[in-house]
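**Student:** Let's have the full structure, built from the sequences with the hints guiding it.
Those letters in the sequence shown? Residues 6 to 101, per our numbering, in order.
No lab work stands behind these hints: they were computed from the structure. Virtual Cβ for every residue (Gly too), placed ideally from N, Cα, C. Certain hints may be false.
[Claimed, not checked] With a straight-line cut-off of 27 angstroms between C-alpha atoms, the simulated DSS-like cross-links for lysine-lysine are:
(1) LYS91 with LYS57
(2) LYS67 with LYS57
(3) LYS75 with LYS96
(4) LYS57 with LYS75
(5) LYS91 with LYS67
(6) LYS46 with LYS93
(7) LYS67 with LYS100
[Stated by the list, open to error] Pair ranges (Cβ atoms, derived):
(8) CYS90 with PHE24: 43 to 51 angstroms
(9) VAL81 with LYS21: 30 to 38 angstroms
(10) ILE70 with ILE43: 22 to 30 angstroms
(11) LYS91 with GLY29: 45 to 53 angstroms
(12) VAL81 with ARG58: 16 to 24 angstroms
(13) ASN55 with ILE34: 17 to 25 angstroms
(14) ILE19 with LEU44: 26 to 34 angstroms
(15) TYR17 with LYS100: 40 to 48 angstroms
(16) VAL81 with ILE31: 22 to 30 angstroms
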Amino acid sequence: MYTKGAHTITLYAIIKNYFKMNNGTIIGILLSFVILFILTKSKNPTFGVNLKRVYCPNCNLKQPILRSPKSIDQAVSGGYICENCKTKMNKFGDKI
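**Tutor:** See the structure below:
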């Protein structure tokens, strides 16, 4: 919170005025980030984002950060195929 004269400026007011968003839009964006965070922490293989390095569960080979998907499913939901032992993994490194 920042006080300038008789006006109190909050982060909410800055976002609302700078991006010209209404209350529903701001709440929707915040809820989306909260849901994405919860799904990421639950380690649900379908949803969420994995920001950690992935290792093959069979041969323990480190998978590349930049990957080229080998199928539509990998392109949409993430996943790897180990170059060494050809094991299929989800984006968290669990064997499929």
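**Student:** Now look at each hint and say whether the structure bears it out.
**Tutor:** Hints, one by one, checked against the model:
1. Only pairs whose Cα atoms come within 27 angstroms are accepted, and LYS91 paired with LYS57 is accepted, the gap being roughly 21 angstroms.
2. In summary, the hint linking LYS67 to LYS57 is supported, as the alpha carbons are separated by about 11 angstroms, within the 27 angstroms threshold.
3. About 13 angstroms separates the Cα atoms of LYS75 and LYS96, which keeps this hinted pair within 27 angstroms; it holds.
4. For a cut-off of 27 angstroms, the pair hint linking LYS57 to LYS75 stands: about 21 angstroms separates their Cα positions.
5. At most 27 angstroms may separate the alpha-carbon atoms for a hinted pair to count; LYS91 and LYS67 meet this at roughly 13 angstroms.
6. At roughly 22 angstroms between alpha-carbon atoms, LYS46 and LYS93 fall within 27 angstroms of each other, so this suggested pair holds.
7. Among the hinted pairs, LYS67 with LYS100 is consistent with the structure: their alpha-carbon atoms are about 14 angstroms apart, no more than 27 angstroms.
8. Checking the proposed 43 to 51 angstroms range against CYS90 and PHE24 shows it holds: the Cβ atoms sit about 48 angstroms from each other.
9. Roughly 34 angstroms separates the CB atoms of VAL81 and LYS21, a value that falls within the hinted 30 to 38 angstroms.
10. As the Cβ distance of ILE70 to ILE43 is approximately 24 angstroms, the hint placing it in 22 to 30 angstroms holds.
11. For LYS91 paired with GLY29, a C-beta distance near 48 angstroms keeps the hint of 45 to 53 angstroms intact.
12. Taken as a hint, the range 16 to 24 angstroms holds for the pair VAL81 and ARG58, whose Cβ atoms sit roughly 21 angstroms apart.
13. Checked against the given bound of 17 to 25 angstroms, the beta carbons of ASN55 and ILE34, roughly 22 angstroms apart, stay inside it.
14. A beta carbon spacing of about 28 angstroms between ILE19 and LEU44 agrees with the range 26 to 34 angstroms that was offered as a hint.
15. Taking 40 to 48 angstroms as the suggested C-beta distance range, the pair TYR17 and LYS100 conforms, at roughly 45 angstroms.
16. The hinted range of 22 to 30 angstroms is satisfied by VAL81 and ILE31, whose Cβ atoms lie roughly 29 angstroms apart.
Checked against the numbered hints given earlier, this structure breaks none of them.
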